[in-house]
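Engineer: Residue-level listing of the chains:
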Amino acid sequence: MTGEAIAFYALAAITLLSGVIVVSSPNIVHSAVALVPAFLGVTGIYILLNAEFVAGVQVLIYAGAITVLILFVIMLTEGGTGLRLQQRNEQGTIGAVVAAAVAALLIAGATRTVWTPQPGTLATYTPGAIGQSFLGTNLLAFEGTSVVLLVSLIGAIIIARKED
Amino acid sequence: MPWYLELLRAIGGTILIFSGVAIVAAMFGVLLERKISAWIQSRLGPKHVGPQGLLQTIADTIKLIQKENIIPQNADYKIFASAVLIVPLAALLDYVVIPFGQTRWGPLIFRDLNIGVLFFAATSSLVVVGILMAGWGSNNKYALLGGLRSAAQMVSYEIPMALALITVAMLAGSLSTVTIVNAQSHLWYIVAQPIAFLIFVIAATAEVNRVPFDLVEAESELVAGYFSEYSGMRFALFQLGEYGEMFAMAAMAVTLFLGGWHGPQLLPPVLWFVIKLYALIFVFMWVRWTYPRFRIDQLLNFSWKVLIPVALANLVVTAFFVMVVHP
Amino acid sequence: MITLTHYLVLSALIFVLGLFAVLTRRNGVAILMGIELMLNAANINLVAFNKFVAPGAMQGQVFALIVITLAACEAAVGLALVLAAYRGLETIYLDEINLMKW
Amino acid sequence: MTPYAWLIPLFPLAAVAVIIFRGERLPGRGAFVSIAAIVLAGLAGLQILGEVATAGARADLTYRWATLGNRPLVVGFVVDPLSAVMLAMVGIVASLITIYSVGYMRGDPRYPRFFAYLSLFQFSMLFLVLADNFLFMYAGWELVGLCSYLLIGFWFERPPAARAALKAFITTRVGDFSMMIGILIFFLHTGTLSFTGIFQGIQAGQITGPLLTLAAVLVFGGAVGKSAQVPLQVWLPDAMEGPTPVSALIHAATMVAAGVYLVARTYPLFILSPGRDALSVVAWIGGITALLGATMGVVEDDIKRVLAYSTMSQLGYMFMGLGVLGYSAGMFHLITHAFFKALLFLGAGSIIHAVATNDMKAMGGLARTMPVTFWTFLVGTLALTGIPPFSGFFSKDAILVAAYAQNKALWVIGTVGAFITALYMGRLIWYTFAGSYRGAAEGPDPQGGHGGARPHESPSVMTVPLVILAGCTVFLGFLERPFGEFVRFAGAEPPPGPAGLVALSVLVALAGWAAAAAIYPWRLVSPSALRRRFAWLYTILVHKYFFDDVYRWVFLGAGSVLVLIAGAFDRYVVDGLVNAVAWLTGRAGWVLRYVQTGREENYLLLIFLGLVVIVLVRLIR
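First to last, the sequence lines map onto chains S, A, B and W. Quick note: the first sequence uses our numbering, first residue 205, plus one each step. Quick note: the second sequence uses our numbering, first residue 3, plus one each step. Quick note: the third sequence uses our numbering, first residue 157, plus one each step. Quick note: the fourth sequence uses our numbering, first residue 312, plus one each step.
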C-alpha cells in the first residue's frame with residue numbers, strides 16, 4: 205500500500221459513504237449535507253489525478269455553490285417544514301436491481317477492457333495552460349458553454365420569479 | 003514524495019499549527035474588538051482580568067469550555083454537531099495559501115499552490131454550508147432565518163469577490179499568492195486597482211457577516227442568528243471560525259492589494275505583514291462600530307446591481323489594459 | 157499502484173448511486189442531487205482518462221470544467237423549476253405532479 | 312471612372328436604405344435623397360459615356376463568385392458602348408422623372424415610399440444594364456419586375472390598380488419563366504452564364520441547330536413579356552393605373568425597353584441561330600406588335616392608355632429594327648423613344664394633374680391654359696410620328712430603311728404602322744389641346760394637386776423637366792450618324808435604302824396627320840360614322856383583339872377545371888391518406904397513452920432497463 209493507494213481508498217470510501225447517505229437518507233437535508241463530503245472526496249480524487257485546477261473549481265462550484273443552492277431550495281420548499289415518511293417511490297426494488305445491473309455491467313466493462321496507458325509525460329496543468337486551451341483549441345466549446353450559462357441564468361430567473 | 007501527499011501534509015500542518023495561531027489571533031481579535039468598540043463608544047471596555055484586561059478572552063474561553071453544551075430538544079443532532087466543525091475548519095483552510103513573510107529560505111507559506119487564489123475562494127465558500135447546517139439543525143426559526151440570510155448573502159457576495167480576485171490575478175498573471183505578492187514589489191495593487199480593492203473589502207465584510215452586512219446575526223432581529231442555540235465550546239468554535247475568517251480575509255486583502263510582506267527595510271517582512279493585517283482589522287472593527295445595518299433587500303440589491311456590474315466593468319477595463327495597452 | 161481501472165470502478169459506483177437516486181427518490185431536489193452525483197462520476201472519468209490515456213492533452217480537464225459549468229446551469233434551472241412547481245402545485249414530489257397526466 | 316462603374320447602381324440603393332428607414336423624418340420627406348442619388352448616378356453615367364466614346368474605354372469587371380461542381384460561376388459588370396449609352400439614358404431620364412415626381416406626388420400619404428421604390432427601380436435598372444452575365448441580368452430583370460409591380464400597385468386602395476399590378480407581374484412572369492428555361496439551356500450546354508462565354512460556346516459549336524434557335528427564342532420570350540409584345544402585351548395598358556411618373560419611367564422609357572436591350576446585348580444568340588430563324592421571330596413579333604399596338608391606340612379614350620399602346624407599338628419597331636439587322640437603328644430608336652415617350656408621359660401627367668381625369672373626351676382647349684405642356688407635348692408628338700427634324704424621324708426612318716433592305720413585308724407593316732401612329736397621335740392632340748374645355752364644371756376636391764375645376768399650368772418643378780426632355784428630343788436626332796458608328800454590331804449594318812424611301816415615310820406620316828385632321832378638327836368624316844361603317848373593326852379594336860378574353864377563357868376556364876380536379880384529388884386522395892394516418896395514430900395514441908405516465912423515473916428506469924438488456928444480449932450473442 206503506497207501513500208497514493210491509501211489516499212485513494214480513503215477518498216473513495218468518503219465519497220461512496222457520503223453518496224450512500226445522499227441516496228438513501230430519509231431526511232432530505234441530511235442527503236443534501238452529505239453531498240459536501242461526497243464532493244470533497246471527488247475533489248481529492250481530482251488532486252490525485254493531478255487536476256488541481258479542476259479540484260479548486262469543484263470545491264468552489266459544487267461544494268460552495270450548488271450544495272448551498274440545494275439546501276436553500278430545500279428550505280424554501282417543504283424540506284424546511286416537515287419530514288415525509290415516504291421518500292422512495294414504488295419502483296424502489298426494481299430501481300435497485302437495474303442500478304445494480306448497470307453497476308455490474310460498468311464494472312465488468314471497466315475491468316475487462318485492457319487499457320493501454322500512454323507513458324507520455326503528463327502536461328503541467330497550470331491554470332494558464334488550461335486557460336490557453338479554453339481560448340485556443342476549445343474556443344467553440346467555451347463559447348457554447350458561456351451561451352448556455354447565460355441562457356440558463358436568464359431562464360432560472362424567469363422561471364423562479366413570482367408572477368405578478 | 004508525490005506532491006499531493008505533500009499537500010495533504012501541508013493542510014494537516016496548517017490546521018495543527020494555525021489552530022494555535024488562529025485561536026490566539028481570534029482571542030486577541032475578540033479582545034481588540036471589545037477594546038476598540040469601547041474606545042469608539044467612549045467606554046473603558048474589559049479592564050479587570052490581567053493588565054488592562056488583556057487576559058479577559060482567556061478567562062472567557064475557560065468559562066465557555068466549562069459550560070454545559072445544550073442541545074435543543076428537537077434539533078437534528080448530527081447536523082447541529084457537525085456544523086460546528088465545518089465553519090472553523092473552512093476558515094482555517096484559508097491560511098494554507100497566505101504568505102506571511104519572506105525569510106532567508108523562501109516565502110513563509112505552507113504551500114505556494116499555483117491555484118492559490120482559487121483555493122482561497124473555494125475554501126471560504128465552504129463556510130456557508132456550515133452556517134446553513136447550523137441554522138437548520140438548531141430547529142429554531144431565528145437560527146433558520148439567519149442561516150438562509152447568510153446563504154443568500156454569501157452566495158451573492160462571493161461573485162464580486164471572485165471578480166476582484168480575478169482582476170488581481172490577471173494583473174499578476176498568476177493565481178499563486180507568492181507570485182502576486184512578488185509582482186507588487188514596486189507598486190501595490192491598491193494603487194493600480196483601487197476599485198477592486200474596495201470591492202474586495204466590501205465583499206469580505208459581507209462574507210464574514212460584519213456590520214453593515216451583519217443581518218445573519220443581527221442581535222436586535224435574530225438574537226444571534228444561526229448560532230443562537232449554540233452554547234459552551236460550540237459557541238466558542240463559531241467565534242473562532244468567525245474571527246479566523248475575518249483574519250483570513252484581511253490577510254488575503256493584504257496579500258492581494260497591500261503588497262503582502264513588502265515594505266521598507268526598517269522592519270522584517272513578517273512584521274510588515276502583521277502591521278498591515280492589523281491595520282485592516284482595525285478598519286473592519288471601526289466600520290462595525292460606526293455604521294448602521296442594511297436591510298436584506300438593500301443588501302442583495304447592492305451586490306447584484308452595484309458591486310457585480312462595477313466589478314465586471316473593472317474586469318473588462320483591466321483586461322483591456324493588460325492585453326492591449328500594456329501587454 | 158492505482159490504475160485507471162480503479163478510478164473507473166469508483167466512477168461507476170458513484171454513477172450508479174446517482175442513478176439509483178434518480179430512479180427511486182420522490183423528491184425533485186433529491187433527484188437533482190442524484191444527477192449531480194452522476195455528473196461527478198462522469199467528470200472523474202474525464203480527468204482519469206486524461207491522465208492515463210492521453211497524458212499530454214488538456215481536453216479531459218477542459219471538458220470536466222465545462223461539465224461542472226453545465227452542472228451549475230442545470231442546478232440553477234432545475235431548482236428554479238422545483239421552486240416554481242412548489243409555488244404552483246405546493247409539492248415537489250414528482251409522483252404528485254400529475255396535472256397533465258392522460 | 313470606368314473601372315468603378317459597378318458603383319453606380321449603389322447610389323440609388325443607398326437612397327433606398329436611407330428613405331425606407333428615415334424617409335418620413337427627413338426634410339422634404341426624403342425626396343431629395345432619391346434625386347441626389349439618381350443625379351449622381353446619371354452624371355457618372357454621362358462621364359462613363361464620355362470616356363467610352365472619346366477614349367474608347369472598356370471594362371469587364373468579373374469576379375469568380377462560386378464554383379458549381381466544376382463550373383466556375385463568374386459574375387461581373389461590363390462597360391461597352393451599349394451599356395454606356397443605356398447608363399447615360401437611364402440616368403438622365405430617371406433624374407428628370409424623379410425631379411418631376413416631386414411635383415406630381417406632392418401630398419401623397421406614401422410620398423417617401425414612392426421615392427424609395429423609384430430608387431429601388433433605378434438601382435435594379437442600372438444593375439441590369441451593367442450585367443455581363445445572365446445571372447445578374449436575370450436578377451435585375453426580376454427586380455425591375457418587382458418594382459414595376461410595387462409601383463403599378465402604388466395606390467393599392469384602388470382595386471383596378473391592385474389588379475393591374477398583379478396582372479403585370481403574372482404576365483411578365485410567363486415571359487420570365489421562358490427566359491429562365493432559355494438561360495438554363497445555355498448554361499447546360501456551355502457551362503457558363505456570362506454573355507461572352509456563351510457567345511464563345513456557340514461559336515465553338517457547343518450548342519447548335521434547332522436547340523440554339525429554341526433557346527434564343529425562349530430568352531426572347533422574356534423580352535416579349537417585359538416589353539409587352541404580342542402575345543404578352545395585355546398588361547401594359549392596365550399598368551397605366553400606376554402614378555404617371557412611373558408610367559413614364561418604367562412603362563415607357565426604361566423597363567419595357569429592357570427587353571430590347573436584352574436582345575441587343577445577346578444579339579449573337581439570334582444572329583448565330585441557324586438561318587437567323589430566331590432573328591426572324593424577333594422581327595415578326597416586333598412588326599406585328601407595332602401594327603396591333605398602333606391600331607388599338609386609335610380607339611382608346613384614356614390618354615395614358617393611348618400612350619401605352621404607342622409605347623407597345625414603338626417597342627415593336629425597335630424589335631423589328633433589331634430583327635432586320637438594323638442593330639444601331641433599333642438601339643437608336645430605343646434612346647430617342649425613351650426621351651420623347653418620357654416627355655409625352657410627363658406631359659400627359661401634367662395634363663392629368665391639371666384636369667384630374669384620364670379621359671381625353673373630357674379635356675380640350677388645354678393649349679391655351681397650359682402652354683408649356685402643350686408645346687413640349689407637341690414636340691414629343693412630332694418626334695413620335697416621325698416628322699423631321701425631330702429625333703423620332705431619324706430613328707424610325709433608319710428602322711424602316713433596314714426593314715426595306717431585309718424584308719419588304721415588314722417594311723409595309725412598319726409604314727402602315729407609321730400612318731396609324733400619326734393618326735392616333737393627331738387624334739390625341741386635337742382631343743386634348745384643341746377646341747374648348749369639355750371638363751365638367753363640378754370641381755373635384757379643392758385641395759390637393761389633382762383637383763380644381765379650372766385647368767392650370769403645372770408648377771415649374773414639373774415643367775422644367777418637360778422642357779429639358781423636349782430639348783433632348785429635338786436635338787438627339789442629329790446624332791444618328793455618330794450613334795450608328797458608336798453602337799454597332801459587325802454584320803448587322805443595313806445598306807442604305809433608296810432615296811425615295813425617306814420622302815415616302817415622311818409623306819406617310821403627313822398623311823396620317825392629314826387623316827386625323829380630316830376626321831377630328833375639320834369633321835370631313837365624322838368619327839361616329841366611321842365607327843358605324845367599320846363596326847366589326849371597332850369591336851375588335853375596342854376589345855383589344857380579344858386577347859384578354861381569350862386568356863380569360865383559356866387560362867381561367869381551363870385552369871379552373873384543372874384546379875377543381877386537383878382540388879378533389881387533394882381533398883379526397885391526399886388528405887384522405889393523411890386523415891387515415893392521423894386517425895390511425897389517434898386511435899393508437901388513445902390506447903398507448905397509458906404507457907405515458909409522465910414521470911421521469913419510469914422513463915429513465917425503462918431506458919436503463921433497455922440499456923442493460925441490450926448490453927446483455929450483445930454479450931450473450
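In short, the hints are calculated from the structure, not lab data. Glycine included, each C-beta is placed from N, C-alpha and C at the ideal position. Treat the hints with care, as some may be off.
Unchecked claim - Calculated pairs, EDC-like style, for lysine to aspartate or glutamate (alpha carbon to alpha carbon, straight line, at most 20 Å):
no.: 1; chain 1: S; residue 1: Lys366; chain 2: A; residue 2: Asp299
no.: 2; chain 1: W; residue 1: Lys719; chain 2: W; residue 2: Asp613
no.: 3; chain 1: W; residue 1: Lys855; chain 2: W; residue 2: Asp588
no.: 4; chain 1: A; residue 1: Lys143; chain 2: A; residue 2: Asp78
no.: 5; chain 1: W; residue 1: Lys672; chain 2: W; residue 2: Asp588
no.: 6; chain 1: S; residue 1: Lys366; chain 2: B; residue 2: Asp251
Said to hold, decoys possible - Between beta-carbon pairs, the in silico distance windows are:
no.: 7; chain 1: S; residue 1: Val355; chain 2: W; residue 2: Arg898; range: 23 to 33 Å
no.: 8; chain 1: W; residue 1: Trp894; chain 2: S; residue 2: Glu294; range: 27 to 37 Å
no.: 9; chain 1: S; residue 1: Gly359; chain 2: W; residue 2: Ala325; range: 39 to 49 Å
no.: 10; chain 1: S; residue 1: Ile210; chain 2: A; residue 2: Phe30; range: 34 to 44 Å
no.: 11; chain 1: A; residue 1: Tyr79; chain 2: B; residue 2: Gln215; range: 44 to 54 Å
no.: 12; chain 1: W; residue 1: Glu335; chain 2: S; residue 2: Val355; range: 51 to 61 Å
no.: 13; chain 1: W; residue 1: Ile931; chain 2: S; residue 2: Gly296; range: 21 to 31 Å
no.: 14; chain 1: W; residue 1: Ile876; chain 2: B; residue 2: Glu252; range: 53 to 63 Å
no.: 15; chain 1: B; residue 1: Gln215; chain 2: S; residue 2: Gly359; range: 48 to 58 Å
no.: 16; chain 1: W; residue 1: Trp901; chain 2: S; residue 2: Glu294; range: 17 to 27 Å
no.: 17; chain 1: S; residue 1: Glu294; chain 2: A; residue 2: Met325; range: 56 to 66 Å
Engineer: State for each hint whether it applies.
Structural biologist: Outcome of the hint check:
A C-alpha spacing of about 16 Å is found between Lys366/S and Asp299/A, which places the hinted pair at or below 20 Å, so the restraint holds. At most 20 Å may separate the alpha-carbon atoms for a hinted pair to count; Lys719/W and Asp613/W exceed this at roughly 34 Å. For the suggested pair Lys855/W and Asp588/W, the alpha carbons sit about 28 Å apart, so the restraint of at most 20 Å is broken. Our distance criterion of 20 Å between C-alpha atoms is met by Lys143/A and Asp78/A, whose separation comes to about 14 Å.
Our distance criterion of 20 Å between C-alpha atoms is broken by Lys672/W and Asp588/W, whose separation comes to about 44 Å. The straight-line distance between the Cα atoms of Lys366/S and Asp251/B is roughly 24 Å, outside the 20 Å bound, and the hint therefore fails. Under the hint 23 to 33 Å, the C-beta atoms of Val355/S and Arg898/W, about 39 Å apart, miss the expected range. Roughly 35 Å separates the CB atoms of Trp894/W and Glu294/S, a value that falls within the hinted 27 to 37 Å.
Checking the proposed 39 to 49 Å range against Gly359/S and Ala325/W shows it holds: the Cβ atoms sit about 41 Å from each other. Between Ile210/S and Phe30/A the CB atoms are about 38 Å apart, so this pair conforms to the stated range of 34 to 44 Å. Remark: the range hint 44 to 54 Å for Tyr79/A to Gln215/B is upheld by a beta-carbon distance near 46 Å. Between Glu335/W and Val355/S the CB atoms are about 37 Å apart, so this pair departs from the stated range of 51 to 61 Å.
About 28 Å separates the C-beta atoms of Ile931/W and Gly296/S, a value consistent with the hinted range of 21 to 31 Å. The supplied range of 53 to 63 Å is met by Ile876/W and Glu252/B, whose beta-carbon atoms lie about 57 Å from each other. Between Gln215/B and Gly359/S the CB atoms are about 28 Å apart, so this pair departs from the stated range of 48 to 58 Å. Evaluation of the 17 to 27 Å hint for Trp901/W and Glu294/S yields a pass: the beta carbon distance comes to about 26 Å.
For Glu294/S and Met325/A, the Cβ-Cβ distance of about 58 Å falls inside the hinted range of 56 to 66 Å, so the restraint holds.
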